[in-house]
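J.: Chains as they are written, first to last, in this note's numbering: chain X, 1 to 308; chain Y, 1 to 425; chain Z, 1 to 473.
Any given hint could turn out to be false.
[To be verified] Only pairs whose alpha carbons sit at most 30 Å apart, straight line, appear in this in silico DSSO-like list of lysine-lysine:
1) X/Lys301 - Z/Lys393
2) Z/Lys393 - Y/Lys313
3) Y/Lys45 - Y/Lys102
[As the list claims (entries may be wrong)] Stretch-level coverage of chain X by chain Y, calculated; a stretch enters the list once three of its residues show a Cβ under 8 Å from a Cβ in chain Y:
4) 125-132
5) 179-191
6) 211-217
[Said to hold, decoys possible] Cβ-to-Cβ under 7 Å is the rule here; a few derived chain Z residues that face chain Y:
7) His160
8) Glu320
9) Thr321
These are calculated hints, taken from the structure and not from any lab test.
All C-beta atoms, glycine included, are put in the ideal place defined by N, C-alpha and C.
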Amino acid sequence: MDPRRIAGLLDAPGCRRRLAVDVSGIEPAVLAAAVGAAEGGQSPYARERDGTFAQLALARLPELAARHLGVRAEAVVETDELPSGAGLWSWRAPKLRLGDTDLTVDRVLLVGDGTRLHPIETRSYACLDGQADPTKVAGTARELAVTVAALRQAADEPDQVSSACLLVLPRNFGLNPVGTTLDVAPQLRRLRWVLDRLNAGTDRISAALEGPELVGALGRVPARFGDGCPSCAVYPYCRGDAEQSGAAARAGATVANLCGPVGLAADALALAHGDRVPGDETEHAIATELSRAALAYTQAKTRSQEPS
Amino acid sequence: MSEAARRHEAAIEQVWDRVRGTDRAVVVDSPPGAGKSTLVRELTKRLVAAGEHVPVVVQTNDQADDLVIALAAAGLRTGRLHGTEWAPPPRWPRDRVRTGTKLGELGGCDVIVGTAAKWAYVKADDRVWPLGIIDESYQMSAAALVRVGHLFDRLLLVGDPGQLAPFTVADEHSVRSLATWPLDTAAGTVLRHHPDTPVIPLPVSWRLAPHTAPVISDAFYTRPFRAGADAQDRRLDLHTLAHPALSQAAETGWALLELPAAHVPRTDPALVSVLADLTHQLVTADASTVDPSGGRPLTSADIAVGVVHRDQKAQVEAALQRLGVTGVTVDTANRLQGRQYEVVLAWHPLSGRRDASAFHLEAGRLCVLASRHRQACVVVTRAGITDQLHAYPAAEPVWLGTDPPQVDGWEANRVFLDRLAPFRV
Amino acid sequence: MSLDVYQRLLALQRRRAVPAASRAHRHLSQRPWVLVGYHLAGEPSAPVAIRYGSFRGQPKLLVVAEPRDRDQRFAALGALARDLATYVSRYTETEPVVRVGNGRDLDVDHCCTDAPQLVVPNEATAHWLDLLGQYLRTLDVDPVLQTAGAHLGWFASRRHLPGSSAVLTATDLLATHWRTGQLPTEDGHLGRLLAWVEPPAGQDAWTAAAAAEQRPPAGPASDPEWDLMTLRPALERAKQLGDVRRLKLAAAEVLDQAWRDTWTALDLVALLPPGGHTAQRWESDRWSWTRHRERVTAGTIRFGGRLSDVPAFRFLHELETRTVALERQMALDDPLVMARWLATGEAVAGTVIKRDLEHTATSARGSALLRPLLWLRTQGFDRPAGTELWLGKVGLTVRASTVDTVELMVTSGAVTRPKFNLLPECDAEVVLAPFGPQQYFPDNLPEELPWPARPTRLAAPAGDAEPAGDTGE
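Throw the hints in and build the complete structure from the sequences for me.
T.: Now the structure itself:
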């Protein structure tokens, strides 16, 4: 699996369906076809830009390593094992594992300050006035956490690999590389916790399934619909599922949080309108909240018709 | 003198040396109940004895009132600088304290205490005090600091780094568009701009007991601390049969009371009534609190109910009014900062939620609620918090150029829950 | 808030958005400047196609045959800049305004009678224009481009201020006034959002939203597949043959949807009567525009990068003040917004059933103070005694409550007989709000940061300094 896939475990660790898809290694293209998602391709222009920037960034790495980590290195040196000491390395197709899973990475860039190694990541989203899209940086940080964890597994001493990484982005409106240090320690802690809890109990889906059969298998694993779902590959399916079943969670986490065990929008509204007798104290609490909202809304609509 | 007391004294002398030295600023990191107020009082006394006039900046009117009462009791000529809507609290030492909305009304005072908000509007006519003391400086924002900083030539900043960070009603994305972070803490701002500033940690909590301090230290602090009291020093005696959570807490300092797991609206009526019942039982249990200074009956002023949202506060207060309980403090974590009680009943921020949120996970929030007590703390919650922590996506936005928080809210919550497990009722 | 949840549930069940406001809380210009467009994937400074104008039937379309070519880029941006200059040149008329100046003197100042308004489909397009403005200001090529950069800078500076209407995004307009039954993040998609608010006849929101997703995105990022299948061949053709017709056709076709949707959003909000404070907030935009124009004319306009130092703290103060003011004003202007506080129990609605205007309370000094009492019939009030509420400028404190009554004491605003006319009569229906009269606090910031918030060493370490005058290209 590639780091992005494993980092995906951090996107929605509470969703069994999402976890099943990631852990079972379902091919993204197969999944997209089955759930009727658009081909999540990349624009040819974005791809060209990525390539150009990666080249530019590589050439400027010695300078950036010196500025941000005080490491003097003439050039990036190829290596075929985890290096040590001070320097700048490119490790192509490294054999890395995370737990029992093989990690597929084209190349890992590393800078060593003499005692510790810092992974380097280049991305082509812009850094404007020192600020980049915080959602994109968060995504990068999650993937870097996977790399750091795998490198630590490969190292003799886990401490040899630092969680402080060097992130290289294009500056402002051009392609001038600019570096910043990014500490992924929080993401690493979360990853450790999620990986520790991935066990035989996790639902599996056969990676051989396609089309309607895959959809059927997905439907048998419970999901947890919420605000983060639109970025998930299974989203079109889960959304339809939530709509068909009348789930209150379809309208987001705030709604799901207030409705609690009352899973259906119709039931929640029945509580709000007094058309359903609360079954227990929890439903009673929900009914109190919602019926006050219903009353406030109804009265306000009348009031809003009056001239102000 | 005990080992703990020696270490504490040594830290105080270290602070005093620094204060008399040449550092532009000195920061004192104080875990809950580490004698911060005593320190401020003691240093103020010494400074006044050395002929200085001492301005003290605090964050809330309650904190100002508490400090003024303590300073006046120590025999210092104290002035309370206040806003127009302030009214003196009960037991106000009227005859020993001068009060006023302007500096001119406080002539002859050796110490002047006011909130940061009040100091910001003071007309000092270019007067600069040689040394100012800022209390609760981890609660104070850079935005508040820049409005008072010019009044002092040097600063002593005292505070608890585990409390809630300053917050704003403004949209975070808009504030993040700034090149600086105006909501940094006052202490953090000084340390960033003056990296040579000495930081002196107070190593001993005198409030928390030996069995409660390690939990707080492990979950919420990067600099460990210990309790100053001995295990036998403190005791909460309940003379009538009480709820198991109360007897458990009286015995061990902690109780974790879990109601059946449920996703409920945040004003969870079951939690409201449990908290009200426990409080009612506590005030009617004929309880007494015992420490080395002796024993005395536990009164409602010794009890606080800590909640997360204002509507929870309103509900609990209303429930207590219905039970005829008066005098018990019910407040949100924000407003309980810097205060101390014998017993605290805490509404766990994550109770009854389906999804955790950054607000509810904030380390400082839980830390404040769990570290206000001298004798015992009962944490009340719906079961199922571990699932919430597990399901929380690691999707917080990451802003370039900012360091990850020293204490991560998610991690702190996990550790706290872990350490509290043995005290489940 | 529970009202938000209830409305979303209603919308979900009805498969159609429900009103969340009954007044227009944004100022709508008679003549907005609407803009939709695409830039090259990953490159905000390289526009591909922009459609803009003040009349929905007469949009202008700009295309750039080689978006990565500086000259072509500047030529297109130049045309945009000139049209923007023409548009804003309408907003030069001023009127005299008398203000209380320093001391008690009356100053006469001049304020523009109207100000320009930029309307875009979504947040991402607004952000793109911020960047484009920033980009234009870094260029040293053409004063027209520079001035356009300055104007875009003004729009950008207003955009983050709560209550400003200088820049409107269609998604924010709709999400402020309606509540859908989809995820809040899905509300950021203009087509989907509009499908909830105004689904085509015979369709429910689900069907309409699903159809909207199939249509071209509202920008500024284009669809990757469209980039590959349509844009690439069109750009190739334009480059090789100098023929931009195919590019124009392709662009017009994909941008048409966003163009129409943005205008529809304006139409829908225009059906609502304006909120009582909307004009007051627009006046603050007009003052800001007046000052901006003066600076542009005088050639004294300056834009730094991100705010730091004292201006950063001033900006925070303004954000906080405006956030609180906007929330309060919207609630007082609009019963549907006030309903949020009624739903949480922070506000109280009810009927006055009894008054005691002679009631007195004893002050700390022992004197009797006139403090009238009111009794309200209401439903389910559950706040404790001591809770403070407001009826306009009249402050009240809850003394006691039962299941269906609340007893309140007037504590401010109407504690003298001449002001008793401000108190509601018996049988009057009232809504008591959790906020009182608007309070303004001066920001009270020093002219320069004091020493604790300033670095000891003034010069930054040499390694961190960015090369001066770098345009970033």
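J.: All hints are to be evaluated individually against the structure, with a verdict given for each.
T.: Each hint, compared with the structure:
{"no.": "1", "hint": "X/Lys301 - Z/Lys393", "result": "24 Å, holds"}
{"no.": "2", "hint": "Z/Lys393 - Y/Lys313", "result": "26 Å, holds"}
{"no.": "3", "hint": "Y/Lys45 - Y/Lys102", "result": "23 Å, holds"}
{"no.": "4", "hint": "125-132", "result": "holds (count 5)"}
{"no.": "5", "hint": "179-191", "result": "holds (count 9)"}
{"no.": "6", "hint": "211-217", "result": "violated (count 0)"}
{"no.": "7", "hint": "His160", "result": "4 Å, holds"}
{"no.": "8", "hint": "Glu320", "result": "5 Å, holds"}
{"no.": "9", "hint": "Thr321", "result": "9 Å, violated"}
Of the numbered hints given earlier, the model fails hints 6, 9; all others are met.
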